[in-house]
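Keeping their order, the protein sequence lines are chains A and B.
Throughout the first sequence, residue numbering follows our numbering, covering 1 to 248 in sequence.
Throughout the second sequence, residue numbering follows our numbering, covering 249 to 460 in sequence.
Accuracy of the hints is not assured; some may be wrong.
Unchecked claim - Computed footprint of chain B on chain A, listed as stretches where at least three residues anywhere in the stretch have a Cβ under 8 Å from a Cβ of chain B:
1) 62-73
2) 127-139
3) 206-212
Claimed, not checked - With a Cα cut of at most 20 Å, we get these calculated EDC-like pairs of lysine to aspartate or glutamate:
4) A:47 - A:35
5) A:16 - B:329
6) B:320 - A:209
7) B:318 - A:208
8) A:18 - B:329
9) B:318 - A:192
10) B:325 - A:209
11) B:320 - A:207
12) B:318 - A:209
13) B:320 - A:208
14) B:325 - A:116
15) A:114 - B:329
What the hints assert, rightly or not - Here are some of the chain B residues that sit facing chain A, going by a computed Cβ distance under 8 Å:
16) 311
17) 315
18) 318
19) 323
20) 324
21) 326
22) 334
23) 413
24) 416
25) 417
26) 419
27) 424
28) 426
No lab work stands behind these hints, which were simulated from the structure alone.
Heads up, the beta-carbon is just placed ideally off N, CA and C, and yes, glycines get one too.
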Amino acid sequence: MKIHLKIWRQKDAKAKGKLVDYMLDQVDHHMSFLEMMDTLNEQLILKGEMPVEFDHDCREGICGTCGMMINGQAHGPVPGLTACQLHMREFEDGATIYVEPFRATAFPVKRDLKVDRSAFDRIIQAGGFITANTGQPAEANTLLITHKTAESAFDSAACIGCGACVATCKNSSAALFTSAKISHLAKIPQGEKEAAKRVLKMVSRMDEEGFGHCSNTEACEVECPQGISVLNIARMNWEYTKANLLKD
Amino acid sequence: MALTGLFLCFFLVIHLLGNLQLLLPADRAAESFNYYSNLLSGNIFIRMISYVLYFSLIAHAVDALVITLKNKQTAAKYAYDNRKQASKWYSRNMGILGTILLIFLVIHFKDFWYVYKFGTVPFDKNGNKDLYVVVVHAFKSWWYVLLYVLSMFALGFHLLHGFKSAVRTLGLYHPGYAALVQIFGTVYSYAVTIGFAVIPVYVHLTQFGLWN
Numbered sequence: 001m002k003i004h005l006k007i008w009r010q011k012d013a014k015a016k017g018k019l020v021d022y023m024l025d026q027v028d029h030h031m032s033f034l035e036m037m038d039t040l041n042e043q044l045i046l047k048g049e050m051p052v053e054f055d056h057d058c059r060e061g062i063c064g065t066c067g068m069m070i071n072g073q074a075h076g077p078v079p080g081l082t083a084c085q086l087h088m089r090e091f092e093d094g095a096t097i098y099v100e101p102f103r104a105t106a107f108p109v110k111r112d113l114k115v116d117r118s119a120f121d122r123i124i125q126a127g128g129f130i131t132a133n134t135g136q137p138a139e140a141n142t143l144l145i146t147h148k149t150a151e152s153a154f155d156s157a158a159c160i161g162c163g164a165c166v167a168t169c170k171n172s173s174a175a176l177f178t179s180a181k182i183s184h185l186a187k188i189p190q191g192e193k194e195a196a197k198r199v200l201k202m203v204s205r206m207d208e209e210g211f212g213h214c215s216n217t218e219a220c221e222v223e224c225p226q227g228i229s230v231l232n233i234a235r236m237n238w239e240y241t242k243a244n245l246l247k248d
Numbered sequence: 249m250a251l252t253g254l255f256l257c258f259f260l261v262i263h264l265l266g267n268l269q270l271l272l273p274a275d276r277a278a279e280s281f282n283y284y285s286n287l288l289s290g291n292i293f294i295r296m297i298s299y300v301l302y303f304s305l306i307a308h309a310v311d312a313l314v315i316t317l318k319n320k321q322t323a324a325k326y327a328y329d330n331r332k333q334a335s336k337w338y339s340r341n342m343g344i345l346g347t348i349l350l351i352f353l354v355i356h357f358k359d360f361w362y363v364y365k366f367g368t369v370p371f372d373k374n375g376n377k378d379l380y381v382v383v384v385h386a387f388k389s390w391w392y393v394l395l396y397v398l399s400m401f402a403l404g405f406h407l408l409h410g411f412k413s414a415v416r417t418l419g420l421y422h423p424g425y426a427a428l429v430q431i432f433g434t435v436y437s438y439a440v441t442i443g444f445a446v447i448p449v450y451v452h453l454t455q456f457g458l459w460n
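Same shape as in the complex, but just chain A:
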């Protein structure tokens, strides 16, 4: 199949980027979107041009490294998929596809489609962990957790931190990501003890990083490849208010 690509090219963080046209005429419809990008890059290298840089790692939809706006939608048009799991059969022969990086003030573009998402790491560093002694793992049955609780915590933990929620949000809010991490730990007894401290630190870090306010449009849940629920945001708000009211 033939594909007409319009890809955002930007030399470095400071450069002013622009959309550049590329034509690919031997695209297999079984290819994943990233494999199609690899094919393009091979051709560019053979021509002596700079390949299009983009983030990717596992290519199994579980690491959260890949992420780009495909035809104006985070990870492309198919719901519940990351860009690496999107296949070319989803597009018509001869289609024009716009590819742009995830954009947000807190996600500066480093080059082409590659963005710096370390703001997410810093939110996690602010409190997205459980303080525990290192050494031998604890006996698994010391803390009993019901199946329902474990499943619910896992639903929140399923967030892969790809940043699609931020890229798709009209306010560039990181509420879904931050709330998923907060809820995940608040739901299980291991995380309960530090819940108040955690939510205050993570939310304040989120604000400092330059993410916008959540206005509950719920676009993040729709575009999230893991289907993280917006109820996590409600949970974060609840934990935040509670922590502020009961603060020493």
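Mind docking chain B on chain A? Use the hints.
Positioned in the frame of chain A, the structure of chain B alone reads:
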């Protein structure tokens, strides 16, 4: 935003219940509505609530303006943007809907609130200020009725997102209750919108003898 918004939601119900008296047959509507207006304006408790109302309106608008300006700074721009398919248009345009409502409120306050409080209003046979006559007179012109109905549509969409959003902000995360509140929010928004929109149309049509 959520607290002031929910207080305004509560106020709308009280306001609507009062206005429903306008749907009574003309003579009974006049008597009942004027008595009700007089009762409210004379009550110290209602007066205190009204100060909370004025505060809520202003705080809600100021808060919205501050958040919108902040969000405008962080908002991303794409050369090809198809993000709108993931959310409802009214969820994304609460600021515009709110501005329409603010303009409506200025007109609404000027024509009824100001006239009742500071203007010259005739008295009815019970000695109450005849606000009913003011209302009926206002809704004589079709364009004024249209302005009201359109504003109520703006209100409806504002509520459709606003109510649910407020509950989310306050932190109701239980999936079952959250779903119930979603349904309640939708029913509430429809009821309030239709309720408020029907009254000017009814009062307008009544004057041309289509009823009574």
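Do the hints match the structure? See the list:
Evaluation of the coverage hint for the region 62-73 of chain A: fulfilled, as 4 residues show C-beta separations to chain B shorter than 8 Å, against a requirement of three. Coverage of the region 127-139 of chain A by chain B is violated. Counting CB-CB distances below 8 Å, 0 residues qualify, and the rule asks for three or more. Judged by the Cβ-Cβ criterion of 8 Å, the region 206-212 of chain A is covered by chain B as claimed, because 3 of its residues qualify and three suffice. For the proposed pair residue 47 of chain A and residue 35 of chain A, the alpha carbon gap of about 18 Å is at most 20 Å, so the pair holds.
With a C-alpha separation of about 19 Å, the suggested pairing of residue 16 of chain A with residue 329 of chain B holds against the 20 Å cut-off. As the CA atoms of residue 320 of chain B and residue 209 of chain A are separated by approximately 15 Å, the hinted pair is consistent with the 20 Å bound. For the hint linking residue 318 of chain B to residue 208 of chain A, the alpha-carbon distance of about 13 Å falls within 20 Å, and the restraint holds. Annotation: proposed proximity of residue 18 of chain A to residue 329 of chain B holds, straight-line Cα distance about 15 Å (limit 20 Å).
Between the alpha carbons of residue 318 of chain B and residue 192 of chain A the distance comes to roughly 32 Å, so the proposed pair goes past 20 Å and is violated. Distance restraint check for residue 325 of chain B and residue 209 of chain A: the Cα-Cα separation of roughly 18 Å lies within the 20 Å cut-off, and the hinted pair is therefore satisfied. With a C-alpha separation of about 15 Å, the suggested pairing of residue 320 of chain B with residue 207 of chain A holds against the 20 Å cut-off. Between the alpha carbons of residue 318 of chain B and residue 209 of chain A the distance comes to roughly 13 Å, so the proposed pair stays at or under 20 Å and holds.
A threshold of 20 Å between alpha carbons decides the hint, and for residue 320 of chain B with residue 208 of chain A the separation of about 16 Å falls inside it, so the pair holds. Proximity of residue 325 of chain B to residue 116 of chain A is assessed by CA-CA distance (about 17 Å); at most 20 Å being required, the pair is judged to hold. Straight-line distance between C-alpha atoms of residue 114 of chain A and residue 329 of chain B comes to about 18 Å, which keeps the hinted pair within the 20 Å bound. The closest approach between the C-beta of residue 311 of chain B and any C-beta of chain A is roughly 11 Å, which is over the 8 Å cut-off, so the hint fails.
Nearest Cβ of chain A to the Cβ of residue 315 of chain B: about 5 Å, under the 8 Å cut. The hint holds. This hint holds: residue 318 of chain B has a C-beta 6 Å from the nearest C-beta of chain A, less than the 8 Å allowed. Hint on residue 323 of chain B holds. Least Cβ distance to chain A is approximately 6 Å, under the 8 Å limit. At its closest, the beta carbon of residue 324 of chain B sits 4 Å from a beta carbon of chain A; the interface hint therefore holds under the 8 Å criterion.
For the restraint placing residue 326 of chain B at the interface with chain A, the shortest Cβ-Cβ distance is roughly 6 Å, inside the 8 Å limit, so the hint holds. Among the interface hints, the one on residue 334 of chain B holds; its C-beta lies about 4 Å from the nearest C-beta in chain A, closer than the 8 Å criterion. At about 4 Å, the closest approach between the beta carbon of residue 413 of chain B and any beta carbon in chain A falls short of 8 Å, and the interface hint on this residue holds. For residue 416 of chain B, the suggested interface contact is upheld, since its CB lies about 5 Å from the closest CB of chain A, less than 8 Å.
Given the 8 Å rule on beta carbons, the hint for residue 417 of chain B holds: about 6 Å separates it from the nearest Cβ of chain A. Among the interface hints, the one on residue 419 of chain B holds; its C-beta lies about 3 Å from the nearest C-beta in chain A, closer than the 8 Å criterion. About 11 Å separates the beta-carbon of residue 424 of chain B from the nearest beta-carbon of chain A, more than 8 Å, and the hint is not met. This hint holds: residue 426 of chain B has a C-beta 6 Å from the nearest C-beta of chain A, less than the 8 Å allowed.
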